[in-house]
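Protein sequences, first through last, are from chains A and B.
In this text, residue positions in the first sequence follow our numbering: the first is 1, and each later residue adds one.
In this text, residue positions in the second sequence follow our numbering: the first is 1001, and each later residue adds one.
Certain hints may be false.
With a straight-line cut-off of 30 Å between C-alpha atoms, the simulated DSSO-like cross-links for lysine-lysine are [said to hold, decoys possible]:
#1 A:Lys13 <-> A:Lys27
#2 A:Lys68 <-> A:Lys13
#3 A:Lys27 <-> B:Lys1304
#4 B:Lys1304 <-> A:Lys68
#5 A:Lys68 <-> A:Lys27
If you're looking for bench data, these hints aren't it; they were derived computationally from the structure.
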Amino acid sequence: MPGEAAASASQTKLERELKQLIVDALKLEDTAPEDIDSDEPLVGDGLGLDSIDILELAMAVHRRFGVKTGSDDSQNREVYGSVRSLAAFISTHEAKPE
Amino acid sequence: MTDRYPAVGLANRSLTVAGLAPIVAPSLARSPTLSPILAHHEPESLVAFGLEARSGAERTAERLRSDIARVVAVLPECAPDDPREILCVASDRYHFAVALLAAWQRGHRVALPPNAQPELLRAVADDRSISLVIHDTDEMSGLDLRPLLAEEIRATPAEPLALAPLPALRKLVTVWTSGSTGEHQRHSKTAGQLFAEALTLAEHFGLAVGSDGERARVVATVPSHHIYGLLFSVLVPLVSGGAFSRETPLHAVVVRATLMATHANVLVSVPAHLRALRILDPGQLPALSRVFSSGAPLPPETAKMLRARFDLAVTEVLGSTETGGIAWRVSEPALTTASGGGEVEEGGQAVSERDAAAHWTPLPHVQISAVEGRLLVDSPFLPPDGPRPWPTADRIEFATQEHTRPGSARHQLRHQFRHLGRVDGVVKIGAKRVAIAEIERRLLEIAGVEDAAVAVIEVGGARGHEPVALVVGPGLSPEHLRAELRRWLDPVVIPRRMRLVDALPREPNGKLTRRAILAEIEQPKPRVLELDCRSAPSAEASDPTRAAFEVYVPRDLYSLRGHFRGAPIVPGVVQLELARAQALARWPELGALRWVRRLKFLRPLGPGEHLRLILDRRAPDRVEFSFVCADERVSVGSLSFSATPAPQE
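Generate the whole structure from the sequences, applying the supplied hints.
Right, dumping it as structure tokens:
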């Protein structure tokens, strides 16, 4: 369906934007945005971010998209699990005002 | 100077923790035979609470006593000569408290690991010095608290336990810290040290149950296996009639939700976590009677943000694992004169606080001095068998004005001071203490690493400092090195800036200066896009149909990244492109590439390799190429060209 294709294209665009945001906000100079796989874990073995990075990223996401993380840390761990899950979270929350 | 303190009272062999309060915190003194733990709790008083969503998360003092009894019933008594310890790994602060108190009741000492990285926890658990692991997670084996404390087990009630007053000289915990040598140093704390400090903090910061019956309800963003978290989020509530949150929230919205849902009035945190609260809207945090920060200086910007958005002042505490708490200060005390979270201490201290915003004031019972700018501490929180005064690794400068409190014999000179940093090779990164030598040692242990050097640089943001590394490790990638380090080190201290180099910039005598390391690191990172290729002097040079080149794969070749994080290789397309470009440079009349045939990549090509590229023009429009490394063919192929200049795109 065209709607689905459009949604998927905007999701991909958002993922690209997030990768750039991650590299900029966290000053990951060894990493280029295109190096980040949308599905790889952000924390630990994938990109190797730590809890302070995640807090910095949450601040950057809030600045850029006006979206805050949820009020449940186990859900937040999933949201900040990968670029894909973060993009999905942002796209469902961005439109709605809090 | 009063010599009632420090050493005299605590050196007494027969002293138990029950005798501490009259000495260090008279307002908290109860019966001289009663343990200070739970001394200010009624049986139905809360000791632990959780988020609303977790129904039934609340635990009373009586429930805690019976849960301790349950664990005590299955724990063996510690033999008097057994030097081993129990490792407690619990993500739920209530479970942690149960494990700790049960282990102490049975005569055990408890090991507190330096971080919660799985590999390190397993290595600690396997250490011969550990007799048992008490935990609440699927990742560890040992005594799992979850089934033991589950609701259904409670059909058989356990008699609430009367806690034994622990001898002041008994060692209760061993904290593993990063030492300047790089080895984890084990540092024991006695019952006297821990409880003297917990009682002092509770009294000094007004956390004890008040005349209005209000009790401290503590939410901490820091884990309880660090000494700061242990004292402020577990022991202080336990000795002062307070309660703590079972969860350890991290994200701003979760911190807020936890504070709101649990009606907490005290937040125990660190600068990096406090800084992240800025994403909350103004006024979104409840009024709190105390916000504590420790581990690193609170950036003025964060202090301002907390004041402006949430009307919160932050009480910073300076201390170390070895010395316990040393001094405190309140961020930005003078902006509001009226009450509202800004009041710091009863007793007319407001004036001296106002002009001493950046200065530290020693905690009660702490005496400080300095030798050549190095801070010396004497206090009841020091190890009973250590040097007095204790030389710290901190550099300080006394404030020009010393605040004396004449007319009050019990108060000594109040030395206010400025903290200037540390004197050794240990730095604080995101409030975690880390030894440079330890990062280097872990790097050198990685297979393939020949040499490594680490330095620390100042950076903005929540981190304050970050380590950078130079590594000689042919064929290794920064991603691989970081993944290896993550098995051992806290993620916060793993170098994110890492350069793979052919050799460290050592001086002729072998020494490596910080300046040389930084010079190498600070060099603008070249984004090396091409293989290094130059014409090879050879017999073939005179042959018009042949060309040979010497090729080197730079270690920071951009295309090395991305494909396989752990094993960088030169993509085939990069080899192909080099062959095409060199063929065209040598024979410009070849024109555009039309197709490639018989392309074979015979083995992976890695960083740091030296090889030869040989071009052989077999026909006017055809060039065969081969990359050869010590007579071994790496890749071969046949390139067909249009043999006319390609149209420009």
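Holds or violated: are the alpha carbons of Lys27 (chain A) and Lys1304 (chain B) at most 30 Å from each other?
-> 25 Å, holds
Does Lys27 (chain A) lie within 30 Å of Lys13 (chain A) when you go C-alpha to C-alpha?
-> Holds. Lys13 (chain A) to Lys27 (chain A) sits at ~21 Å (cutoff 30 Å).
With a cut-off of 30 Å on the C-alpha distance, tell me whether Lys68 (chain A) and Lys27 (chain A) pass.
-> 21 Å, holds
Below or equal to 30 Å on CA atoms is what counts here, so check Lys1304 (chain B) against Lys68 (chain A).
-> Between Lys1304 (chain B) and Lys68 (chain A) the Cα gap is close to 21 Å, so the pair holds against 30 Å.
Holds or violated: Lys68 (chain A) to Lys13 (chain A), with C-alpha atoms at most 30 Å apart = 20 Å, holds
Hint violations for this structure: none, all hints satisfied.
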